[in-house]
Amino acid sequence: MREVGRYLVLEHLADGGMASVHVGALRSESGGHQLVAIKAMHPQLARRPEFRSMFLDEARTVARVRHPQVVATLDVLTDREEVFLVMDYVNGPALSTVLRHVDAGAVPLAIASRLLVDVLRGLQAAHDAVDDGGTSLGIVHRDVSPHNVLVSDEGRALIMDFGIAMASDRSYVTESGEVKGKIAYMPPEQAQAQRVDRRADVYAAASTLFEVLVGEPPFGRGTMAETLVRLLFDPPPSVCARRPDVPASVDALLACALSKSPDERFGSAGAFADALTATVPPASAAEVTAWLQQTMQPFFAERAALVQRAT
Numbered sequence: 001m002r003e004v005g006r007y008l009v010l011e012h013l014a015d016g017g018m019a020s021v022h023v024g025a026l027r028s029e030s031g032g033h034q035l036v037a038i039k040a041m042h043p044q045l046a047r048r049p050e051f052r053s054m055f056l057d058e059a060r061t062v063a064r065v066r067h068p069q070v071v072a073t074l075d076v077l078t079d080r081e082e083v084f085l086v087m088d089y090v091n092g093p094a095l096s097t098v099l100r101h102v103d104a105g106a107v108p109l110a111i112a113s114r115l116l117v118d119v120l121r122g123l124q125a126a127h128d129a130v131d132d133g134g135t136s137l138g139i140v141h142r143d144v145s146p147h148n149v150l151v152s153d154e155g156r157a158l159i160m161d162f163g164i165a166m167a168s169d170r171s172y173v174t175e176s177g178e179v180k181g182k183i184a185y186m187p188p189e190q191a192q193a194q195r196v197d198r199r200a201d202v203y204a205a206a207s208t209l210f211e212v213l214v215g216e217p218p219f220g221r222g223t224m225a226e227t228l229v230r231l232l233f234d235p236p237p238s239v240c241a242r243r244p245d246v247p248a249s250v251d252a253l254l255a256c257a258l259s260k261s262p263d264e265r266f267g268s269a270g271a272f273a274d275a276l277t278a279t280v281p282p283a284s285a286a287e288v289t290a291w292l293q294q295t296m297q298p299f300f301a302e303r304a305a306l307v308q309r310a311t
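When we follow the working numbering, the leftmost residue of the sequence shown carries the number 1, and every step to the right adds one.
Keep in mind that the hints were calculated from the coordinates and are not lab data.
Don't take every hint at face value.
Claimed, not checked - 20 Å max Cα-Cα, derived SDA-like pairs, lysine to any residue:
(1) Lys260 with Ala193
(2) Lys182 with Gln192
(3) Lys182 with Thr227
(4) Lys182 with Ala14
(5) Lys260 with Thr227
Claimed, not checked - Label pairs and their computed distance ranges (CB to CB):
(6) Asp234 with Arg195: 19 to 25 Å
(7) Arg48 with Thr279: 40 to 46 Å
(8) Ala248 with Arg60: 43 to 49 Å
(9) Arg60 with Ser284: 31 to 37 Å
(10) Ala255 with Gly105: 15 to 21 Å
(11) Ser28 with Ser96: 29 to 35 Å
Remember, it's a predicted structure, so these values are computed and weren't measured experimentally.
The beta carbon of each residue, even a glycine, is placed where N, CA and C say it ideally should be.
Generate the whole structure from the sequences, applying the supplied hints.
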């Protein structure tokens with residue numbers, strides 16, 4: 001256990017490409033503790049001045065976003081060459097973890113709708129965020145995928161890692177011109193290192209919905225080069241052809257959201273959420289909770305034991 005500012009860094013949770021994640025606690029004057037999640041940026045990134053500066057700027061910008069479907073950024077700390085991001089603690093797995101524990105195509109349609117509507121509402125809140133003067137903050141996530149969605153034990157899906165995604169995107173093309181990141185979820189304009197706007201997040205959310213429904217993203221098979229060719233030139237494959245319980249109207253929604261041209265997609269995450277809600281009525285939060293507890297029972301038992309050790 002170590003102290004960072006007002007926080008205690010407790011049990012290690014996971015490692016990602018850019019940071020390690022820990023259960024932490026905010027110490028109160030009364031002696032109690034509030035659980036938080038603390039991300040410690042990997043040292044090789046934290047020591048890069050340009051990345052460190054971008055990350056801190058972006059993280060402080062995203063900290064302005066407050067919405068039930070966005071994992072709140074509570075604090076951004078530095079300690080010598082280390083950088084820490086303090087966030088709300090969410091008791092639940094990443095959506096990518098959930099998908100690894102179910103058979104392809106086994107997520108009930110109404111559950112899938114609830115999860116993605118939540119994600120889209122969170123994205124809309126971030127896209128709409130303004131500064132104190134009412135000027136748009138211009139937030140675009142740029143890395144929406146099952147890895148960056150948490151599913152809480154309260155039956156809510158929350159989008160996370162805006163600041164990390166935004167900072168990494170500033171330098172996501174290597175010196176050799178290779179695109180870094182989760183290319184299977186990227187829109188064509190991002191995969192070609194072109195300018196992106198909020199409609200890039202609409203596309204990535206649609207790729208995520210596709211994976212929730214059938215077990216893989218629409219173009220993410222084979223090598224990176226093969227994936228890139230498919231996402232640039234192939235039409236989206238049909239979900240209905242692989243899941244008979246999915247209505248044709250869902251294919252139409254996905255075809256719109258996965259359009260190669262941003263101008264042909266839904267104009268906003270909120271518009272996509274409205275269309276999805278009208279097409280597939282979402283499950284209730286209670287129904288998501290019941291399904292999640294049944295599907296992920298070992299995860300919740302292990303997480304409860306970890307939190308008990310930490311506190």
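>> Does the beta carbon distance between Ser28 and Ser96 stay inside 29 to 35 Å, or does it fall outside?
In response: About 33 Å separates the Cβ atoms of Ser28 and Ser96, which means 29 to 35 Å holds.
> That 19 to 25 Å hint for Asp234 and Arg195 (C-beta), does it hold up?
Replying inline: holds, 23 Å
> Taking only the CA atoms, is the gap from Lys260 to Ala193 under or equal to 20 Å?
Replying inline: holds, 14 Å
> Do the beta carbons of Arg48 and Thr279 sit within 40 to 46 Å of each other?
Replying inline: Check passed, 44 Å falls within 40 to 46 Å.
> Regarding Ala248 and Arg60, is the given constraint of 43 to 49 Å on their beta-carbon distance met?
Replying inline: holds, 45 Å
> Are the Cα positions of Lys182 and Ala14 separated by 20 Å at most?
Replying inline: holds, 19 Å
> Using the C-beta atoms of Arg60 and Ser284, is the stated range 31 to 37 Å upheld?
Replying inline: holds, 35 Å
>> For the hint 15 to 21 Å, verify it against the beta carbon of Ala255 and that of Gly105.
In response: At 19 Å between Cβs, range holds.
>> Next pair to validate is Lys182 with Thr227; report whether the Cα-Cα distance is within 20 Å.
In response: holds, 11 Å
> Are the Cα atoms of Lys260 and Thr227 separated by 20 Å or less?
Replying inline: holds, 14 Å
>> Would the hint linking Lys182 and Gln192 be met if the CA-CA limit is 20 Å?
In response: holds, 13 Å
In this structure, none of the earlier numbered hints is contradicted; all agree with it.
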